[in-house]
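Please build the complete structure, drawing on both the sequences and the hints.
First to last, the sequence lines map onto chains A and B.
Following the numbering used here, the residues of the first sequence are numbered contiguously, the last one being 150.
Following the numbering used here, the residues of the second sequence are numbered contiguously, the last one being 1440.
Watch out, some of these pointers could steer you wrong.
Derived DSS-like pairs (lysine-lysine); straight-line CA-CA distance at most 25 Å [stated by the list, open to error]:
id, chain 1, residue 1, chain 2, residue 2
1, B, K1432, B, K1145
2, A, K59, B, K1123
3, B, K1284, B, K1432
4, A, K7, B, K1143
5, B, K1007, B, K1284
6, B, K1007, A, K7
7, B, K1007, B, K1145
8, B, K1143, B, K1007
9, B, K1123, A, K7
10, B, K1207, B, K1002
Simulated from the structure, these hints should not be mistaken for laboratory data.
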Amino acid sequence: MSEGMTKTAARNIFFGGTIFFFVIFVALTAHSHLYIVNESTDVSSLDDAVARGKHVWEKNSCINCHSLLGEGAYYAPELGKVWVKFGGDEDPETGREALKAWMNAMPTGIEGRRQMPQFNLTEQEHADLAAFFEWVSRIDTQGWPPEPIE
Amino acid sequence: MKYQTQKLAYPYFMAAMGLFVVQVLGGLTVGTIYVFPNFLSELVPFNIVRMIHTNALIVWLLMGFFGATYYLLPEETETEIYSPKLAWIQFWLFLFGALAAVVGYLFHIHEGREFLEQPLWIKVAIVVVALMFLFNISMTLMKGKRTVVATILTMGLWGLALFFLFAFYNPANLALDKMYWWYVVHLWVEGVWELILASILAFLLIKMTGVDREIIEKWLYVIVGLALFSGLLGTGHHYYWIGTPGYWQWIGTVFSSLEVFPFLAMVIFSFYIVRQSTRNHPNKAAILWVLGCTVLSFFGAGVWGFLHTLAPINYYTHGTQITASHGHLAFFGAYVMINLAIITYAMPHLRGQQPYNQTLNMWSFWIMTSGMCFMTFTLTAAGVLQTHLQRVLGMDFMEVQEQIALFYWLRLGSGLIVILGVLLFVYSILSKGKAEQATA
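Here is the structure:
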């Protein structure tokens, strides 16, 4: 493909094309930014608790075992809809309690089972993490994940 | 070796090899935890070991890129590196930051976004290191000859530093966080790193084949052009299911499918150029790594990427072992192998010897490569099964993991083979050995 092309032509195509595609990419992410803020996520309910919950999620490096919206490690279950799985969408109180009870029971220590560490979260952190999961579960993810939640 | 300052590459390559060993030992540990889940579970849990595995990889690849730059830039620009002293300060600061990060992880000192777990002060140190480095190489480039190889390499390194700045932006909105997180991760490995990869490749081919620079540099433009034209909008394949608009499914599908082509072009180019050789270069092992790099990155990044990049397929495979299989072979084929190629090429020069231990080095190539391929096949099989059982039939995650346990055993076995290859490689470049003469 390069036989009939001069080096200068190749250079111009490279620089021109790169700028062209980069500008389109930036424009589309700018649009996506607005789409996220206005449509796919609920910014009005993104309160301090959710923000703190995200920090709890990060501080304990949950992403290096679990995935969230399919990204992360694949050693432990996907948690994008964990709030729904624990019944939080129907009864938030039940969801919070179930999540806390689950985490407090870790690690099980059962031989041959994957072990989730004990993170010793405070009451506040449990509540914040639950708020984060609740908020995340309501992100419009274009219908992902495909698995039935029940 | 014509220029004194090319020696600056040596400490970088040595540190890269040290961290390479840390990385694969981390991988071995993670692979072991997959089959013996209670192993280290109280002491150093999975998430910590995985952080060490991925971070050590990234840091040693960067060490290798820095070393490669210090090695090839004087020859390309025909001038010494602007400030050797700055290069040394940069080296120690970077090494200290890397080791501090790894030790810190063991004591649970880390942040929590995947691959960007470094504490804030280490992120700042990385930026300082990058600025020192960019200043140094840009000054070198300005006072010397601006060849295409040197220019593309410098562009890639500038891009690397610029996109890293998005690591400092961590909004509370998870969808936004994820969208900009890919500005670092995707625009690194499927963007500016490809510029670095292609220019190192071009340098090695110019040196070892004696083919006219004009031809190779024209190819270089074509390859990096293809890489960025497909790779920039190819970022869309990460924007399918994270709260971003639906149109990314079309854009991502089309453009990331095209990401196969720069890798295909690299294979054709490198084999074509090597066949045109006017020189019988004694370092056959380095040529083997160069050719291996293009082939394995074509399969790992290109083919294995294409395997799950179409949106309707990715809907089912997203976040399964398929992703892991692709990640392993892509990183190995593209960025590990280009580093091992330049290290194999440069080490004899840096240590003032004839290319030595060629046979051993080539053995390490075949052992490491077969280990990595087998690892990829086992993870692919695991991923296909996982996708079907979990995403199509709707089985529970942990139940599925029990169903695919056999593949994790096979993966662990392949990991052991890789480690054998890695140790052989390190030994082959560091030991004295018999100074093997160039064969006619």
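task = List in ascending order the numbers of the hints, as given earlier, that are violated by the structure.
result = Those not satisfied are hints 1, 6 and 9.
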